[in-house]
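Chains as they are written, first to last, in the working numbering: chain A, 635 to 746; chain B, 635 to 746; chain C, 635 to 746; chain D, 635 to 746; chain E, 635 to 746; chain F, 635 to 746.
In case anyone wonders, no lab produced these hints; they're calculated from the structure.
Watch out, some of these pointers could steer you wrong.
As the list makes no split between identical chains, a pair holds if one copy fits it or if it spans any two.
Said to hold, decoys possible - Calculated lysine to any residue pairs in the SDA-like style (CA-CA distance at most 20 Å, straight line):
| no. | residue 1 | residue 2 |
| --- | --- | --- |
| 1 | K659 | E700 |
| 2 | K659 | E694 |
| 3 | K659 | R648 |
| 4 | K659 | R649 |
| 5 | K659 | D699 |
| 6 | K659 | V690 |
6 protein chains.
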Amino acid sequence: MNERILSEDNQVVRRFFALDTQTYKDGALPARTKEMLGLVSSLVLRYDDCVTYHVVRCREEGVTDEEMLEVFAVGLVVGGSIVIPHLRRGVDFLDRIEGEGIHATKPEHSHT
Amino acid sequence: MNERILSEDNQVVRRFFALDTQTYKDGALPARTKEMLGLVSSLVLRYDDCVTYHVVRCREEGVTDEEMLEVFAVGLVVGGSIVIPHLRRGVDFLDRIEGEGIHATKPEHSHT
Amino acid sequence: MNERILSEDNQVVRRFFALDTQTYKDGALPARTKEMLGLVSSLVLRYDDCVTYHVVRCREEGVTDEEMLEVFAVGLVVGGSIVIPHLRRGVDFLDRIEGEGIHATKPEHSHT
Amino acid sequence: MNERILSEDNQVVRRFFALDTQTYKDGALPARTKEMLGLVSSLVLRYDDCVTYHVVRCREEGVTDEEMLEVFAVGLVVGGSIVIPHLRRGVDFLDRIEGEGIHATKPEHSHT
Amino acid sequence: MNERILSEDNQVVRRFFALDTQTYKDGALPARTKEMLGLVSSLVLRYDDCVTYHVVRCREEGVTDEEMLEVFAVGLVVGGSIVIPHLRRGVDFLDRIEGEGIHATKPEHSHT
Amino acid sequence: MNERILSEDNQVVRRFFALDTQTYKDGALPARTKEMLGLVSSLVLRYDDCVTYHVVRCREEGVTDEEMLEVFAVGLVVGGSIVIPHLRRGVDFLDRIEGEGIHATKPEHSHT
Numbered sequence: 635m636n637e638r639i640l641s642e643d644n645q646v647v648r649r650f651f652a653l654d655t656q657t658y659k660d661g662a663l664p665a666r667t668k669e670m671l672g673l674v675s676s677l678v679l680r681y682d683d684c685v686t687y688h689v690v691r692c693r694e695e696g697v698t699d700e701e702m703l704e705v706f707a708v709g710l711v712v713g714g715s716i717v718i719p720h721l722r723r724g725v726d727f728l729d730r731i732e733g734e735g736i737h738a739t740k741p742e743h744s745h746t
Numbered sequence: 635m636n637e638r639i640l641s642e643d644n645q646v647v648r649r650f651f652a653l654d655t656q657t658y659k660d661g662a663l664p665a666r667t668k669e670m671l672g673l674v675s676s677l678v679l680r681y682d683d684c685v686t687y688h689v690v691r692c693r694e695e696g697v698t699d700e701e702m703l704e705v706f707a708v709g710l711v712v713g714g715s716i717v718i719p720h721l722r723r724g725v726d727f728l729d730r731i732e733g734e735g736i737h738a739t740k741p742e743h744s745h746t
Numbered sequence: 635m636n637e638r639i640l641s642e643d644n645q646v647v648r649r650f651f652a653l654d655t656q657t658y659k660d661g662a663l664p665a666r667t668k669e670m671l672g673l674v675s676s677l678v679l680r681y682d683d684c685v686t687y688h689v690v691r692c693r694e695e696g697v698t699d700e701e702m703l704e705v706f707a708v709g710l711v712v713g714g715s716i717v718i719p720h721l722r723r724g725v726d727f728l729d730r731i732e733g734e735g736i737h738a739t740k741p742e743h744s745h746t
Numbered sequence: 635m636n637e638r639i640l641s642e643d644n645q646v647v648r649r650f651f652a653l654d655t656q657t658y659k660d661g662a663l664p665a666r667t668k669e670m671l672g673l674v675s676s677l678v679l680r681y682d683d684c685v686t687y688h689v690v691r692c693r694e695e696g697v698t699d700e701e702m703l704e705v706f707a708v709g710l711v712v713g714g715s716i717v718i719p720h721l722r723r724g725v726d727f728l729d730r731i732e733g734e735g736i737h738a739t740k741p742e743h744s745h746t
Numbered sequence: 635m636n637e638r639i640l641s642e643d644n645q646v647v648r649r650f651f652a653l654d655t656q657t658y659k660d661g662a663l664p665a666r667t668k669e670m671l672g673l674v675s676s677l678v679l680r681y682d683d684c685v686t687y688h689v690v691r692c693r694e695e696g697v698t699d700e701e702m703l704e705v706f707a708v709g710l711v712v713g714g715s716i717v718i719p720h721l722r723r724g725v726d727f728l729d730r731i732e733g734e735g736i737h738a739t740k741p742e743h744s745h746t
Numbered sequence: 635m636n637e638r639i640l641s642e643d644n645q646v647v648r649r650f651f652a653l654d655t656q657t658y659k660d661g662a663l664p665a666r667t668k669e670m671l672g673l674v675s676s677l678v679l680r681y682d683d684c685v686t687y688h689v690v691r692c693r694e695e696g697v698t699d700e701e702m703l704e705v706f707a708v709g710l711v712v713g714g715s716i717v718i719p720h721l722r723r724g725v726d727f728l729d730r731i732e733g734e735g736i737h738a739t740k741p742e743h744s745h746t
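Isolated chain A (complex conformation):
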């Protein structure tokens, strides 16, 4: 579906997508830290699509179970009990990718 969005001649949307990809590249902070920042942001804004995306990316960057759970803990305390179902689905998803070896499918600009 990205193709449909990108084939439309809307430069603002296309540029935003490019910017989104650029944001998580290594810089002063490594991609690993940035992905954890993306994960906690998705948690407090309570968006499962982005939580699972960043869980996979964090795992690819070598974030351990213990570290991941601490990211979740920050999100939980900042965002409150309303975050719990997202945290659960995040942990559940983490379990599944362990078993199944899922990788972040990252077509150009694909995440949130």
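Please arrange chains B, C, D, E and F on chain A, whose structure you already have, making use of the hints.
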């Protein structure tokens, strides 16, 4: 005012405050990383009080200007243009603490 | 299910629903513009149910693909990358109604 | 300023304001309970203007300090640490109205 | 899945869950009132998982249809039309538990 | 302060600001409509800084009082009573710019 809140006999509130303090201690992730997680969460939830608190704490943990700005960049792209005024006040505040040597006043449980 | 809600004797809820319908009628601004306002509001508040409703209504009011995408672009820049999955589902839904000739089912007061 | 808003010929806005007033009247639930519902909603949506309004109204309806703090506790746990500054200002405001005998100024439709 | 979360050695998460359970116990306010506070908070924060949980709990505490609808009305007026789909699913769910005698499955710390 | 932000070498932030400016230019939709879209988005996301900015911009684009109030009405119904204080400050601000002839100060990339 914390005293007033804590002197009231509400255990839930008191425990939440203790938990909040515990969240940012060194663990699998160092306090430094956790403060950056707290900062980006405050940015996307758009709360100046917490942004300034975490800016000071990040600085105390040795987060550089370049790193801080990258945390802001993640918050901006995830949270959108609605985040800009908070980003501005965050950068402005950063400038002021440079000149004035402000430290995070951290009475027990004081932040968000 | 609206019947159930409306058959309950809660005047506040019934009046709110009537008000909601009235809001999008032609006035100083045409319904066409108001539906675009409803669409961008639903996008930044990230609610798919309302996004699809307003996409259909916008289409019925003659909003073109190019215009629709510009509404999406405003929502994306104001609301941030967290809006992307909603934008995708909105565009996807737009594609489907093109093919299938879907119309906004508008039982009295039915939308958001 | 309400006069300015109401003198404008916008029926939707005027009706919304009337509805807002009607919402908190005694019904199946007493006004007292409804004001506590309004208070916790304002807390989790983090809006000081509405928090102080509902704190005053709750006090007028005879809600005690202990009860008020339990409403705050629910808001804190549901909404997370991001709610803390609002809770503080709410408790601070509560202290002030104790000393000063503030009453909810309730010009027709005046609150949130 | 709770077991997985709790078996992980993250004290912050475990304590938050315990606190969440404690919040809704009888205190200065009865559990019945607190569950209504939890319900309206879930509505304005627009989270179906928590809405259904609290609907069941409210029913268990003897909240009547008329009272429940007034809680919904407060949530609708405070939170706006964006709340409508959640209100609908809440009412729909209420209908189903009437027929089926659903009870809140409350494994330790299970809700939001 | 923009200078400080832009002088920092963070390309993501700079590009986001440029994109933000580009978003509201005439396109398939005229700037006038886009500014109304920006206004309603700021209202439902409840951000005064952006509300006042877009009120000024709408006025510059020739949006009338009646039209402006209808934009406010959509924001109020979608976003709920929590929007009222912002609507008030928006109307108040509108009154002031009438008398004082305020123009949107638009340093490059300055708004939200």
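Evaluation of the provided hints:
1. For the identical chains of this complex, K659 and E700 are inter-copy neighbours only, at 14 Å across copies versus 23 Å inside a copy, given an alpha-carbon limit of 20 Å.
2. Proximity of K659 and E694 under a CA criterion of 20 Å is satisfied intra-copy only: 14 Å inside one chain copy versus 25 Å between copies.
3. For the identical chains of this complex, K659 and R648 are neighbours both inside a copy (18 Å) and across copies (16 Å), given an alpha-carbon limit of 20 Å.
4. Taking the shortest alpha-carbon separations for K659 and R649, both the intra-copy value of 16 Å and the inter-copy value of 15 Å come in at or below 20 Å.
5. Taking the closest pair of Cα atoms, K659 and D699 come within 20 Å of each other only across two copies (17 Å); inside a single copy the shortest separation is 22 Å, beyond that limit.
6. With identical chains, the CA atoms of K659 and V690 are at most 20 Å apart within one copy only, with a shortest distance of 16 Å there and 25 Å across copies.
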